[in-house]
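Undergrad: Protein chains in written order, with our numbering: chain Y, 6 to 837; chain C, 356 to 582.
Hints listed in this document are in silico derivations from the structure and should not be mistaken for laboratory results. Note that beta-carbon positions come from the ideal geometry of N, C-alpha and C, so glycine has one too. Keep in mind that a hint or two might mislead.
[Said to hold, decoys possible] To give an idea of the chain C side of the interface with chain Y (calculated C-beta under 8 Å), a few residues:
1. 361
2. 374
3. 433
4. 440
5. 448
6. 450
7. 457
8. 463
9. 467
10. 470
11. 471
12. 534
13. 535
14. 537
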Amino acid sequence: MTPFHLARREIRHRPLHAALFVLSVALGSGVLLGLSGFNAAVETGVQRQARELWAADITVEGTPGFLDDLEVWATGRWPGLRSARTVDTVSMLRAADGDGVTRATLSGLSPGYPLYGTIGTGSGRSLTDALTAGAVASPKILAQLNLAVGDELVLGRRRVPIADTLAARTDAPASFFEFAPSLLLPLDTLEDSGLLGPGSRSLNKLYLNLPPGVALEPVLEEVKKRAAAETTDVKSWATDNPGVLRFIQNTLTYLNFLGLFLLALAGIGVASALQSAIAASLRSLGMMRALGAPRGFLFRLWGAWIALLLTGGLGGGLALGRLVSFLLARLFGDMIPVSVSLGFPGTALLQTTGLAASAVGLFALLPLWRLAEIPPNSILAWDLPQILPSPRKALMAGIAFAPLFYGLVVLQVRRPGLALEYLLAIAGLILGAALLVAFLSGILRRGLRLSRALTPRLTLRSLARPGSFQTAAGVSLALSFAAVLTLALAQKNLTSQLVDSFPENMPNVFFINVQDAQIPRFREIVKTDFRLFPLVRGRVVSVNGVPVRDLNARAQQRGDEGDSFTREFGLTYGPDLLPTDTVVAGGALWNDRIDGPQVSGFIEHRRRFGLNVGDRLEFSVLGRRLTATVSSLRSIDQKVRQPFFYFYFKPGPLDRVPHTFMGGVHLEPTRLLGVEKQLTRELPNVTTIDVTAIARLTGKILARLARVVNALGLFTFAAGLLLLTSSLLAGLADRQREAVLYRTLGGTLSQILRVFLLEHLLRGAAASLTALILGTVAAWVLIHRVMDLPFAVPWGPVFFGLSTATLFLGAFSLALSVRALRTAPMEVLRYE
Amino acid sequence: MTPTAVILEARNLGKSYRVNGRPLPILRDISFQLAAGESVAIQGVSGSGKSTLLSLLAGLDRPTAGEIILENERLDLLPEKELARIRREKIGFVFQAFHLVPSLTVLENVLLPAAFRSGAFSEDRGRALLDRVGLADRAGHFPDQLSGGEKQRAALARALVNEPKLIFADEPTGNLDSKNGRAVLDLLEEHTRTAGRALVLVTHDDAVASRADRRLRLIDGALAPAP
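This is chain Y alone, in the form it adopts within the complex:
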């Protein structure tokens, strides 16, 4: 009779405990496996479609002049190299017949684009053919302007026929994030429209495809070196990910944290299930000790129990993981820019399974450790010894195992710094929740003591029943409610503040690409006085001779993932301090002792890149070099709600550089459409950016993410319910004795049920109130402190939601406790 045989017997005899263990393992491992599988599927999809996503081997962003030179150099350097160019800009369009206007992303494409992948048309003909006849428009543009193929659009000074509609495209498949629908046209048509002037906000790109037999890496290095002087972004499908994908991957990293939190909860569920199984078998274990079973035998018996159920649980986790992957794919939907085929690559499977098994092993150790405390003479006692979970020992075990758990987290998310922050945050959150649950439970108990009625006084005794897993269940339920509540409150506030209504002190529209000569007519159309800022696009090339690429790389090596120093910046100039700014270094905005051009920088760049007063910055502005000395550093107060600029020049060097003007203002929504139409007719190069449209897109993204987090939140809630079930099972014998005693002394069944129900409702209320406090504080921090928006709680729906949760928990717990009433009194009274 091996320990495995005995363990199998024990599992068959107490299937509920076994089921709880298996479900906890399956839940914890399944969600993590699902996240890993989905992540791997997205990464695989991106690798598979990388070339099509980038549309070329190498892409370079830069000014038109620089890209012209680079293209000539590259095609000469590598004979057989293919190239293409694109220009993207956001602009207003109008129907040639009619007064409809709409915002669109205009993409001018040179012949041959895309170099990899396809852009499909509605008619099925090739893009090249379609562009020969006119523009290819997103169906959304046709719907918004009530047009059809064959109708004409007005772009600046050109009338352009709509030759076809846009179907699927491999270079920009994630239409979910589209701010404005796309209009594709020949590059020379866009250039001829007059919408692009010097200083206009547009994205210019060069695409290069290597000739056969030429290796990518050396060419990429050479192009980067060539472009380094201009600090342009040089990317390749082999080394970079598209921006949308980085967003998805960052989201999945944070979802992985949720998965790890769920694993921790599942681990507590595992410990609770094991604890309650051991508690139910205590008499048999005491008897075995009396008969001479060595301690090692008991460990082997329960080790076999754990091993058998762990295997079953991991199998269940695999099935659940598939479901979770499928669910994530459905929930993310068109946010994912590539097609994903779900599955579990070997490494992801091994790693996650190992992680789950290790976590289970760690959490199972504490109850096993207590096995050694079963005294051999316990069998002679009337009352069994209370082998209860000890909070002190649990804390010691937690501290001892924390480094191991940290290692496992690092293995999963691959970012040690972030993993440490996460562990500290989660430890703080759990501790905070535990303290709150205990505090609120204490208040509720004090309330009960004031009552002289029978039910509350008996409930008081029930609440004092030992068993810290009840607290663990309350904490895990509180945290899962809190996560859902935080997101719901954040989403509600963002939607009501930015989408349904807009704060009056906040600009709700920005105008860009206003030419100098157009300002008087522009002001007449808008009819509202507000500051227009001169705007020049430029890049920083070097700081005191050190290329900014090096400064950027150093920041990234430190794990600093903030704004890039190599990107294009909006530069402006003026004599006095901008309304958003405060000088924090250098004493005053400008320094009379500096000869030559002066520029005021952003204080955050000192922290990230070591920028200081007195440094010499070299800029590239429209292909020309400009060096300026840093006269001061400013902090920027984004609460002022005006455009802000990281680099602010003293008047002089930029005055004669071709530039445009931009500004933001709050317009009544009823006026906005009229202003847009008039501007599109008379000043077609001026683009309006409706901030509420951005807010709607943000709301859309948030709503989609909320669906994903809420789905995972349900699993967290399920883990909490498993914990609750385990803890109720562990206390079943105690509850049976209580029930039998009350009945023997003359209590009715309904009186006993009222006691149980009140106990469960109070525990549920403590968890719900904890969730209310934690969730509201977290949402307040996010909305008010981070995003600086007013915060309000819709008390009605929140109260309703939490009351429903409390009632559900009470009913659920009561349903499980009713088992205690089915025990025949003599079974308990006769001590057998």
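Starting from the known structure of chain Y, arrange chain C on it as the hints suggest.
TA: Okay, now just chain C, sitting in the frame of chain Y:
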């Protein structure tokens, strides 16, 4: 009685617990000897310390004073690991509440002590024991399918599986009717006296105690011959 015939000896045994910082004596200066093949009944009112004395003699607990010697081994000095060895090799137990493992069959319950030893007994031995106690046809049944008397007979078979030198029976008929109680006592007598095993029988029942060779009574923590 020659020393070699003595299987169990207690010398000046004492046990006390600390309650609110003060010692509470349960047993005081208990001395007696038990020979192989002899049976002794220990009687006393409820709370007199019978279970405490039994747990000391069986190596389930440690005395606060005195010595316990089982086949020349000082139980009071041995570590728990050695005490466990002695319990599985030399001692058999029969409890009032039977204490069969509910998840195991009757045969598996009988063979359980063998599972604790490195050299396991075969099923044949278990079946033979069950046959001797009249449960041969219940080998594959579970404890909740047995009557009280049948459970106690299965527990007796379990107590005999490792051929112990000494059996401790704690109120073995306490949960049985008189007919089953007599049957269990007959079996106990058969498998102890005739097999040369010693028996320590803890009971409050005079009729049960009268079946033993000697009767001792615990009064105020001390042991004296019963009248």
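Undergrad: Compare the structure with each hint and give your call.
TA: Verification of the supplied hints:
1. 361: Status violated, d = 22 Å.
2. 374: violated, 16 Å
3. 433: Hint violated; residue 433 of chain C Cβ to chain Y Cβ min 13 Å, cut 8 Å.
4. 440: For residue 440 of chain C, the interface hint holds, since the closest Cβ of chain Y sits about 7 Å away, which is under 8 Å.
5. 448: Cβ of residue 448 of chain C sits 6 Å from chain Y, so the hint holds.
6. 450: Holds, about 7 Å.
7. 457: holds, 6 Å
8. 463: holds, 6 Å
9. 467: Result: holds, 7 Å to nearest chain Y Cβ.
10. 470: holds, 4 Å
11. 471: holds, 5 Å
12. 534: violated, 19 Å
13. 535: violated, 15 Å
14. 537: Violated, because the Cβ-Cβ distance from residue 537 of chain C to chain Y comes to roughly 21 Å (cut-off 8 Å).
Going through the hint list in order, the structure does not satisfy hints 1, 2, 3, 12, 13 and 14.
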